[in-house]
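**Student:** The primary structure of each chain is shown beneath.
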Amino acid sequence: MQSNGMYDSQEICTLPNGPIRCIFFCEFHPTVGPIISCQIPENYISKELFDSISVYIITKAELRKSTITVTLDDYKILGFPVRIDDKKYPRNAYHFNLCFVCDSNSRTVHYEPVVMKFSEYLMAMEIESSFLSSKQCSKKLAPILTQVLEKLNTNGECALTEGPTATHLKVVKIHKDPIQVADHQVPVLVRSLPDQQWDLTTHAVAPYIDGFNHVARIATLSGVENNLVKACVQNLLYYRVVALVPLFQYGNVYCTTSKLKYLAQDSEIQDRCLRYVAKSPRQMPTLRDVFRMYAAMTRGTRIKDLCLRMNPSSMWINERKLVQFGVLEGLIRRVHKYPVLLGDSNVLQKTLNGSASLDEICCSTGVSGQQLEDQMDRDHNVVLLFK
Amino acid sequence: MEVNPLSIILVKSDSKGDRLLFRYPFHMQEKNEPSNARRRNPYTLPIVDDSLQTIPQPRSNINKCQLTGFTDEVLSSLFAVKPELCNRKFELKVNDVRFVSHPTLLQLRKKQLDTSGCLLINVVFALQALATHSVVKCYHDLSKLMGILLEHEETRCGYVNDEMQVMMTAHDDGYASNPDAAFLTILEKSILAKNLKKMYEDLCGTGLVNIRINRWIPLNFCLPQKVHQWHLQGKLVEPEDIDRCIKSLRPYHSLLLLCPVQSINDFISLDGSPSLKRMLTQYSPLKNLQTLATDSDLTPSHIFDLTAHLVYWARATVIYPICSTNKYVIAPEASLHLNSPLVDKFSELFQGMNLIRAISEFSLPTSLGQKCNPLHHPSQQSTLVQMIIWMLQNHLLLQLHTYIQFMIADQFVANQSESESISATRKMRTESESGTSTISEGLESKSEAETKNSSENFSYNSTDEDKHDYHEELLLDFTDEERSIIFKIPASNNTDDLRLFARLCRKKYFTGNHHIEEIMYLENLRRSQLLQLLDKFRDVLITYETEDPTIAMFSCP
Chain A
1 MQSNGMYDSQ
11 EICTLPNGPI
21 RCIFFCEFHP
31 TVGPIISCQI
41 PENYISKELF
51 DSISVYIITK
61 AELRKSTITV
71 TLDDYKILGF
81 PVRIDDKKYP
91 RNAYHFNLCF
101 VCDSNSRTVH
111 YEPVVMKFSE
121 YLMAMEIESS
131 FLSSKQCSKK
141 LAPILTQVLE
151 KLNTNGECAL
161 TEGPTATHLK
171 VVKIHKDPIQ
181 VADHQVPVLV
191 RSLPDQQWDL
201 TTHAVAPYID
211 GFNHVARIAT
221 LSGVENNLVK
231 ACVQNLLYYR
241 VVALVPLFQY
251 GNVYCTTSKL
261 KYLAQDSEIQ
271 DRCLRYVAKS
281 PRQMPTLRDV
291 FRMYAAMTRG
301 TRIKDLCLRM
311 NPSSMWINER
321 KLVQFGVLEG
331 LIRRVHKYPV
341 LLGDSNVLQK
351 TLNGSASLDE
361 ICCSTGVSGQ
371 QLEDQMDRDH
381 NVVLLFK
Chain B
1 MEVNPLSIIL
11 VKSDSKGDRL
21 LFRYPFHMQE
31 KNEPSNARRR
41 NPYTLPIVDD
51 SLQTIPQPRS
61 NINKCQLTGF
71 TDEVLSSLFA
81 VKPELCNRKF
91 ELKVNDVRFV
101 SHPTLLQLRK
111 KQLDTSGCLL
121 INVVFALQAL
131 ATHSVVKCYH
141 DLSKLMGILL
151 EHEETRCGYV
161 NDEMQVMMTA
171 HDDGYASNPD
181 AAFLTILEKS
191 ILAKNLKKMY
201 EDLCGTGLVN
211 IRINRWIPLN
221 FCLPQKVHQW
231 HLQGKLVEPE
241 DIDRCIKSLR
251 PYHSLLLLCP
261 VQSINDFISL
271 DGSPSLKRML
281 TQYSPLKNLQ
291 TLATDSDLTP
301 SHIFDLTAHL
311 VYWARATVIY
321 PICSTNKYVI
331 APEASLHLNS
341 PLVDKFSELF
351 QGMNLIRAIS
361 EFSLPTSLGQ
371 KCNPLHHPSQ
381 QSTLVQMIIW
391 MLQNHLLLQL
401 HTYIQFMIAD
411 QFVANQSESE
421 SISATRKMRT
431 ESESGTSTIS
441 EGLESKSEAE
451 TKNSSENFSY
461 NSTDEDKHDY
471 HEELLLDFTD
481 EERSIIFKIP
491 ASNNTDDLRL
501 FARLCRKKYF
511 TGNHHIEEIM
521 YLENLRRSQL
531 LQLLDKFRDV
541 LITYETEDPT
551 IAMFSCP
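Chains as they are written, first to last, in the UniProt record's numbering: chain A, 1 to 387; chain B, 1 to 557.
This is chain B alone, in the form it adopts within the complex (with noise of 0.2 Å):
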């Protein structure tokens, strides 16, 4: 996978010289058999190659995720920078092999007296050369962290000193035939070598490094492209993508812990924020956002920046708080096979239930209402609820909203003058539809219109003047068009409605760029209001259902 690194190498150069100190993975494969192993077929013709145009074929370093083809001078030589290129990003791309690392300059404690007391450090990542920028960019900050704790160590009491002697003792110790003997003397005895290997582990299992510098500074690193396992199927979840979701967050979304808390409780080291301890005691997955910030007492603000913590170290995903009108289907990238780990898994959890036959219940839009049976026993509404939350942790779930679309009939009004016999009849069909009629019903809807029309237009000759002018007033910005479409709509004669509907429109709601639940949230409405709004005036209103795409990230191709 091209997020693992091939290999980290720990390089230092001083006044002495430059050397490379440490290096993991260190153990050399066999010489590997040559690549031509394949017994050549007698019969087949030669090949005739043009002498003239041979192509230089390109040459790989990567031999099995391993790093092969460079000795430890080359390396050395490459990583022990100029002064020049030192304490700034530095990149180097050999082949198909992509060096990335933060070269950091520091001054030796204990200043030998022949010497600058200068050396450089270099914490170098081997990655494949097709890691994406981000990638490259979060292995740079891992180095750079490296630097700067190994700086403070030194400082505090010589640490990088001390550990580059044993190392280089190692090296020196007789041991030049075979320098893997010499990493193994290293791995023993140095602790810097120990923390490189248990970093590299760690990015090559979760993820997640967690290592104590010298038995005391820890040293926590979050690879987000790894951590949140979508590497898996392919898909990278980029830190960009990351903070998209979290500069969507509104109040009403609510946070879903990936873990129990407890796990979690565990993973907050102790010096840990305790804003963070108050919150996870509150929670909860019914819970909004603003709801749990008030009962934690903390501003919301503060709860949106450990929200955005927990999701960047894949403890946590953003959902819409569960309810019973939420509306939920099966995910496009849900992994749902016999083979699959997790159906063992739910029935472990929920006795004698089977994840397929659960799951496919969702096959259509079902919203957790749909399947609450009131003769239902309790507690089988809540293993319900569980299960809808265990899906939902495992990205198996969407949920769906509505959202919706204001359009009138003809926006093209340049089609009408194409042909407008044609228009003409067609326009009286669509504005009497209601979102389901055919053909069949055209005549029909043709003398209703006109019935209906007639009638509005005496009703406002005669009853009140003031009234249309007021419903005039209130459709004032929308084109002459649009007004006529909507006085056409019987709700319009209703006051109430008519003011609401345009308050709504007015403030862009009907634009496909919020969906109902925000609707609600934002104005204050009920959704019995807001469905009745929509059901009157639906000659306009169009809706459609589909995922809301700042929260659907981690569960949507």
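Next up, chain A with everything else stripped away, as it sits in the complex (with noise of 0.2 Å):
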């Protein structure tokens, strides 16, 4: 993603849900062996505990530079095993490992680059100046782990400037990869954008960004490339600051979800929903009128057809912010039209199968959707699914 590193704000990357509950230094002692020489807060991971999983955190030689998680009954521990190669350690190389230790069933994912990070910085010094090393090493090095615990804990984020060299470190929360996003698919702002630190294209495309708009408009509106406002989007999807609703139409179906009953018992939803669809912040829709307008959703009834029935301007209820916090909600769920053309003949099967909706194809061949409806009504091969 072109513009990941803009986006070192306060708010997008909350702090995650699993708390560090220790770091801990160790070493390959010359004569001991493995050795935790550093741990705060003290003893928090026993002797014994640490000479059963050793093997995990000083490893062999294939293992090194790998992030190695083990999990424990009450433990997590995280580590990055690191080994300096040079003539003047008592064994040609010093092994060192730092390591994490969280809840068990917390997620830890998260931290590994942190681990990595820190262990690399700490190797830096190691070369440059024999810090770790040295004799009073664990004095050194016990108020930057004290400090690295308490920052990433409670800030997400720290900042060492320890020795010659400056490292920041950073918990980044990892969602899941975003959804491809298509031409006719409408990006709504689910929470308000930070002033600053976007980047150029997002600057362009935000104020586009209405609830209304497609994709495709918006590159057009906004006079961006249609692959870069895709990008664009697609960022905005992974921080959670946006979320994609079908397109609003008003020969569009909808149907009602089985969430449909939140509406009914839950008066924080009630509330916001009130707000949301009001047609102006005067005039309070009800919401009977509201649940009456979700509950007559069926498949087979267009917006078109509920506007003409239920008038919903004269119940101070705006249909289209209506259908929008309905979808956000998962009230209630856009009903696809699939056309399938049947019998064997030409090219059209192509996209006719079955596997594109009608947006999909209204948006890629520049048809309106009444248009290619209208088409399809004359033609008696070609069979509507809806779904």
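In short, the hints are calculated from the structure, not lab data.
Backbone N, C-alpha and C define an ideal beta-carbon position, used for all residues, glycine too.
Where hints are given, some of them may not hold.
Only pairs whose alpha carbons sit at most 27 Å apart, straight line, appear in this in silico DSSO-like list of lysine-lysine [as the list claims (entries may be wrong)]:
| id | chain 1 | residue 1 | chain 2 | residue 2 |
| --- | --- | --- | --- | --- |
| 1 | A | Lys47 | B | Lys371 |
| 2 | B | Lys137 | A | Lys176 |
| 3 | B | Lys247 | A | Lys259 |
| 4 | B | Lys194 | B | Lys110 |
| 5 | B | Lys89 | A | Lys261 |
| 6 | B | Lys89 | A | Lys337 |
Reference listing, derived: stretches of chain A covered by chain B, where coverage requires no fewer than 3 residues with Cβ under 8 Å from a Cβ of chain B [claimed, not checked]:
| id | stretch |
| --- | --- |
| 7 | 62–76 |
| 8 | 175–183 |
| 9 | 283–291 |
Two chains, each in its own frame: build the complex with the hints.
**Tutor:** The following block contains the structure:
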């Protein structure tokens, strides 16, 4: 992603739920073997426990520079074994490993880059000034480890300026990869964009994300290349700033989901819903009207029909906002139409084979939905599947 | 796919040291071509690396779904765990591979003189690190199961020791230069190795493991995330999902087998539960679980357990019994396109029918009753039922149920005070509307409502005070506002209707948690009774159609 570095902002990366319980530094002592030389807080990992798992911490040569996580009954220990080869050491090599300890049920994947970076930093200090192998190592290391433990647990980031080099550690929450963004989808802001810190593309695109413009239209309006817009929206999707909803058309069909009951039960969502769907902030619609509108959404009822029947504007409801809120909260779901061409004919079967919805076909061919549907109605070989 | 194992590894450790006995698959790929094989463009500018800030690249130990980058010695040293970690869950993640196992400590049957007679045996599964907690847990269970079986066979006949000797000999017999050849010899000679191979293939294929340890003890295992085949569409069926589905089973649900009864009978082993066989003889998708329990002479709770078992092993699913009032639509996840294998299967089963055309009739909610024509031949009707059963088995259809929500006009009294004049007229309109009224009716309905109100008042005053008092009593636990609105509904004059309405309301059936069929079952009502009541009280009851969330998990996102 082109602009990952721009998002070191305060609120987007919230603190991951599993805190670091302990940080310890262990090394391979030339006579004693693997030992913990510095531990914050003291004696969190007992000597016996350490001995039983030391093979995964001071490892064989093949496993060095690998992230290794051992899950025990109570703890999860995450390390990154390092070996420095040099003639000056008693065994011609210096092994060390800096480990984070977490609760055994918490996720630790997001700490892996931090452990790696921290180890690299210590390695640089060792090569430059024999920081680790010197006698008073643990005295110098203890304040650093304390600082890292506290800062990472409270702020999620920490700056180390010990010695000649400096480094910055940051815990970045890992989300699932965002889905591919298609031309016909509509991004909706689900939280406000922080003012600065965005790259140029986002700056150009952001004003046009109003919850009604679809991706292709945003590209035209903002004068940014289509694929760049998609990448930008995908990026915002990753950081949970926007959500994607299907394009709103009055010919669309929606159906209720089993989550609709929460609208009647949960007063928090009721409050949000009424404020969101209101036509003007001065006059709130009633919950009953809103609920009735949602309940009337069935397969076979277009929004157009619904508006004619119930006249939402007389009930102070903005129907576009109503649909948007319903889709975002999962109260309703878009029913897509999939045309399938039966009978053995021609090239058309490639597009009309049931795997592409009407929306996708419209967007790729540039034909309006109504036109396409009229044409399909006339052809008896075309079957429309609603799902 | 992240549920498949990358490799199965068998490691032993005893007084003579640790050793990797066997692993499958063992065919190492030819040295993979160097990753920078792409020819460099001579005109590109060299990227100047900041040599002080080199970010270490995360290493990967997976190559084409196979485990790479570990020698046998490293693996054996990792999995020959210390005694403190034995007989409990062992989980180790190295880069992007997660190893999970249950190291088992067992007593050797033939105790050698110079040793303590203890042997550590560890069946390790290598998984992708992305595998979810529940997948890891299932693999741990399987490893634990293997450990228990091996321990039993060792105490019974020294099986593990014998197999171990076979494998060790193969390793020692001069194959050291070519480990693959040693593994091939082991695979020929050792039954345990063959078992592990079969286990790997089963896990990667169907998710159902069916092997016999030492040609004696059957090991049956089901990986639910795999066996339900939903992972193909990017969704995993977790054991917790199945548990939740089973917990919300009701006696009015029914069982739908996903394969013929005969194949399930074959699948049940010789010592399988006789009650399961009894239930299968009485099985029909038209029966609900309660009837099934009566017919097969078993307790309902036992039937529930058997259902849970069949659902977990992906042999059955749960539906609402097929009847003429059921409304079906196409399931949102249904893979319906011309190249789908289901299309051919369907036309094989039902001569001259086309799946796409047949299912397109369910684009709009359609009930069996609507599709049945009294003029049709009975055989056509049974074909129709067979077709619906087939579609349900393939998760192509979804049943819609009607849910009911009790809601009076103004829940937000605060709004009223804001602008009284507007809300006063609106209140009038909403009180009298019957679900489909539009604003154009506003004026008429206003006068209508007024006349209605006055006539009602009149009737209260003149006819019988007692009846009114009794009605008030029926609605005692409603708020004043609710009560006044309900009394404006003409049907509230009828004592029976009002009593039924109050009873159902009080039992919280009108909160969107129960569908019509459930209310019918629980309250012993007929559909027509309930539908009439809904119609009479439609001013305060809103109905909507959606799927039953408890049983729709197999066909819904």
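**Student:** Mind listing which of the numbered hints don't hold for this structure, in increasing order?
**Tutor:** 1, 5, 6 and 8
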